[in-house]
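Chemist: Given next are the chains, with one letter for each unit.
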Amino acid sequence: MLKNRDIISILDFTKEEISYVLELSKRMERESSADMLKGKILANLFFEPSTRTRLSFETAMKRLGGDVIGFDDPDKTSTVKGESLKDSVKIIEGYCDIIVLRHFLEGASRLTADTVNVPVINAGDGASQHPTQTFLDLYTIKNTKGRLEGLSVGFLGDLKYGRTAHSLAYALAHFNSEMYFISPPSLRIPKDYIEQLQLRGVSYYEIDSLFEVSGKLDILYCTRIQKERFADPVEYEKVRGVYKLSRVVLDKLKIGNDLKILHPLPRVEEMDESLDTTEYAVYFQQAHSGVPVRKALLAAVLGVFQ
Amino acid sequence: MLKNRDIISILDFTKEEISYVLELSKRMERESSADMLKGKILANLFFEPSTRTRLSFETAMKRLGGDVIGFDDPDKTSTVKGESLKDSVKIIEGYCDIIVLRHFLEGASRLTADTVNVPVINAGDGASQHPTQTFLDLYTIKNTKGRLEGLSVGFLGDLKYGRTAHSLAYALAHFNSEMYFISPPSLRIPKDYIEQLQLRGVSYYEIDSLFEVSGKLDILYCTRIQKERFADPVEYEKVRGVYKLSRVVLDKLKIGNDLKILHPLPRVEEMDESLDTTEYAVYFQQAHSGVPVRKALLAAVLGVFQ
Amino acid sequence: MLKNRDIISILDFTKEEISYVLELSKRMERESSADMLKGKILANLFFEPSTRTRLSFETAMKRLGGDVIGFDDPDKTSTVKGESLKDSVKIIEGYCDIIVLRHFLEGASRLTADTVNVPVINAGDGASQHPTQTFLDLYTIKNTKGRLEGLSVGFLGDLKYGRTAHSLAYALAHFNSEMYFISPPSLRIPKDYIEQLQLRGVSYYEIDSLFEVSGKLDILYCTRIQKERFADPVEYEKVRGVYKLSRVVLDKLKIGNDLKILHPLPRVEEMDESLDTTEYAVYFQQAHSGVPVRKALLAAVLGVFQ
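Chains as they are written, first to last, in my numbering: chain A, 1 to 306; chain B, 1 to 306; chain C, 1 to 306.
Derived from the structure by calculation, the hints contain no laboratory data. Honestly, I wouldn't trust all of these hints.
Said to hold, decoys possible - Simulated crosslink set (DSS-like; lysine-lysine; CA at most 30 Å straight-line):
#1 B:Lys238 to A:Lys81
#2 C:Lys81 to C:Lys38
#3 C:Lys86 to A:Lys244
#4 B:Lys38 to A:Lys81
#5 B:Lys38 to C:Lys38
#6 B:Lys86 to C:Lys160
#7 C:Lys3 to B:Lys38
#8 A:Lys81 to B:Lys191
#9 A:Lys3 to C:Lys38
#10 C:Lys244 to B:Lys90
#11 A:Lys90 to B:Lys86
#12 C:Lys81 to A:Lys81
#13 B:Lys254 to A:Lys90
#14 A:Lys90 to B:Lys26
#15 C:Lys38 to B:Lys90
#16 B:Lys81 to C:Lys38
#17 C:Lys160 to B:Lys81
As the structure is a prediction and not an experimental result, all values here were calculated from the model.
Sequences and hints are given; from them, build the entire structure.
Modeler: Listed below in structure tokens is the structure:
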């Protein structure tokens, strides 16, 4: 279904395609697939470092029998000699069967996909899209709740800059989610996104405190509040306490046992280690889902499933 | 024919050996070779970054079923602790079957080849030799013109420092080329090289402007004019216009349809994107030739063809 | 015998286990093992660069048919965003079958082993342990002398900070070695280590000059004297001459023909190139032993030998 497709934005995917990717991901965990991509080469082009994403793409490709070339330091590429991104990727497409691109500029993945003949997977470009993260978020939700349909999902933290939250909200709009955007007023989700969700008929609420809704949530998707984004440190100090999740805080919240907490990681101080051993925590499981989800996407795009 | 040979300089190769490498390269594009080097390990030792060269060697090795280890940042090697190049390569030869070396010092490849027992391929040392680049330049010319014998070849740009132009000229001296060295007076090809070409009976011309010869050329080999090399910016400004190739300039030149333009890349401003879609442009094809040519050299040196 | 064991410190190994690892290492040189670890992935996590160790682990894994992911530059990991080592390794364990860790902090490997479910091999943490180096030192001694039992072993140079010397001394305590610690007074082996050796009943001598014992030694284990460790440059100048080994110095020492000289490398000026071609020098052979020894450990820990 996805043969030769570029994976640029979660917005390019229909509900059926999303469900198909999640099913393939499940198959990837169950079935042997050791030689599926034998002889294929993935070029991991990281113009911005992201060890986690890079390594999980590498593992996914190698678990399928393929191999990987690439770089994670643009300072050592011809970019420093003034070469354009277009030239770089036109050359490298001659060395590989598929390109995975991480770039600091928004739109770099689309430009690359328009330039080369091999499929391109966006591994994050600028503040905009990181679709494989969204797929693995969805996969984790489905695995832990048994379904995607009709869930109550809270998004917590930096909803202004957090691209993973934006993309996940868009994707969940296909699945009749009720959404709670929990953030300090200064970090509210941007109006553009809200308008898109309204167009899709999503029920949503913008609130300040987790306490107001904690009993209603099936999923809580946490994000890191980036201190450096606050112009006024006093503002930061006002809110950071509310969003420091710990076992003690959860006890006070009187949440149901079925709540599952996700976080794209890395976390810093917004989520305490004491949570890790509770039944709520699924963020490490979420991180590990990067491998089956990326295996599914690589295999599909490279035409293994006709 | 080349089993266990070190590939240090194009000057070490006879006309027969060059032709043999080009034939093998062709075979590498046609024939399956997926397990030719299974179990072999290449050490990619890049004491100076060169992403393009590094990645195409990696792809070549992996396409043949071999594997690769290495580094591309000398700051993280024992060199910073004061270790000599000789010690470094004597240790690493114990980890691999073949060494590919990029080094900032002229002669580093020859020294390495004299030190270790595994074959060594020079991937560029200092301003002197980069033989695999020359092989892929020759391969591209042969592929696009159908022959190497008796061509009229223009070399354009920085002929003083451009090692790729020097090496290609030497190699083409085997094949009765007529050579046109087109550069501003300040970037003329060094006397030493000219004397060598004279000794080999090459017909050559040193000129300032592409306009004088554009109708006569089969091949135009462009190089990047490195602005920083000009002591006087006024001198640079005088010449840069002449060497900025574009579709418009080519139209004015009234060149024949059979002209093919090569460039070792990266390009900066000496060659406009408008050229890319013309039938003259073969520089991306040239870059992609790095893979079959390096596959041929790796397989030959590692004894696949007895 | 070692299935799923973490390899953290040479002190964790019994005499029988050490002998077992050395026998396996020998087998790894003799027997074909090309697909032993097919489908397995090693994560090479180098939070501190060490090219030699990294590359020999990579070669070992690839020679066994496995594959490798990893990094060698902590500045490009989530560590710079404030992520803890525990979080980093908990995520990465989901991508691999075994972790090899190099870290600048003492105890990092033990912490990692306690955190993850995959086996962990310590590739050097802080100034403390580097057990695979000790295994390859022992392997080299056994290969060159035919036995480990009852040897006279001199340790020369920086015995205060040289962790490789400390670990080797501990390991040789199992094998009735007589030990000579040869160093300037300012670089004597720390009291703690001496006490441990006394507890194990080791005969040892602390001396200043190699001349006193040169005729008695089977093995001389040299280490690099790190100039920067001396507060007073005059002190450094006093001793550096004594420890500059060369062919001329060895002739004066009237050593026996059976002496073998080891050095963990890199060397700087403490050992002259003139030694390299003598029958005493086994330090390059020692460096190359990193591959069979690491193959043995990887295969054993990953359960190839039940």
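Chemist: Each of the hints needs a verdict: does it hold here or not?
Modeler: Hints, one by one, checked against the model:
1. B:Lys238 to A:Lys81: Status holds; Cα separation ~22 Å.
2. C:Lys81 to C:Lys38: Distance ~35 Å between lysine 81 of chain C and lysine 38 of chain C Cα, so the pair is violated.
3. C:Lys86 to A:Lys244: Between lysine 86 of chain C and lysine 244 of chain A the Cα gap is close to 19 Å, so the pair holds against 30 Å.
4. B:Lys38 to A:Lys81: The given pair, whose Cα atoms are some 36 Å apart, is violated under the 30 Å limit.
5. B:Lys38 to C:Lys38: holds, 13 Å
6. B:Lys86 to C:Lys160: Holds - the C-alpha atoms of lysine 160 of chain C and lysine 86 of chain B are around 29 Å apart, at most 30 Å.
7. C:Lys3 to B:Lys38: holds, 28 Å
8. A:Lys81 to B:Lys191: holds, 28 Å
9. A:Lys3 to C:Lys38: Since the Cα atoms of lysine 3 of chain A and lysine 38 of chain C sit roughly 28 Å apart, the hinted pair holds (cutoff 30 Å).
10. C:Lys244 to B:Lys90: With a Cα-Cα distance of about 21 Å, the restraint between lysine 244 of chain C and lysine 90 of chain B holds, given a limit of 30 Å.
11. A:Lys90 to B:Lys86: violated, 37 Å
12. C:Lys81 to A:Lys81: holds, 29 Å
13. B:Lys254 to A:Lys90: Between lysine 254 of chain B and lysine 90 of chain A the Cα gap is close to 28 Å, so the pair holds against 30 Å.
14. A:Lys90 to B:Lys26: At roughly 22 Å apart (the allowed maximum being 30 Å), lysine 26 of chain B and lysine 90 of chain A satisfy the hint.
15. C:Lys38 to B:Lys90: holds, 29 Å
16. B:Lys81 to C:Lys38: With a Cα-Cα distance of about 36 Å, the restraint between lysine 81 of chain B and lysine 38 of chain C is violated, given a limit of 30 Å.
17. C:Lys160 to B:Lys81: holds, 19 Å
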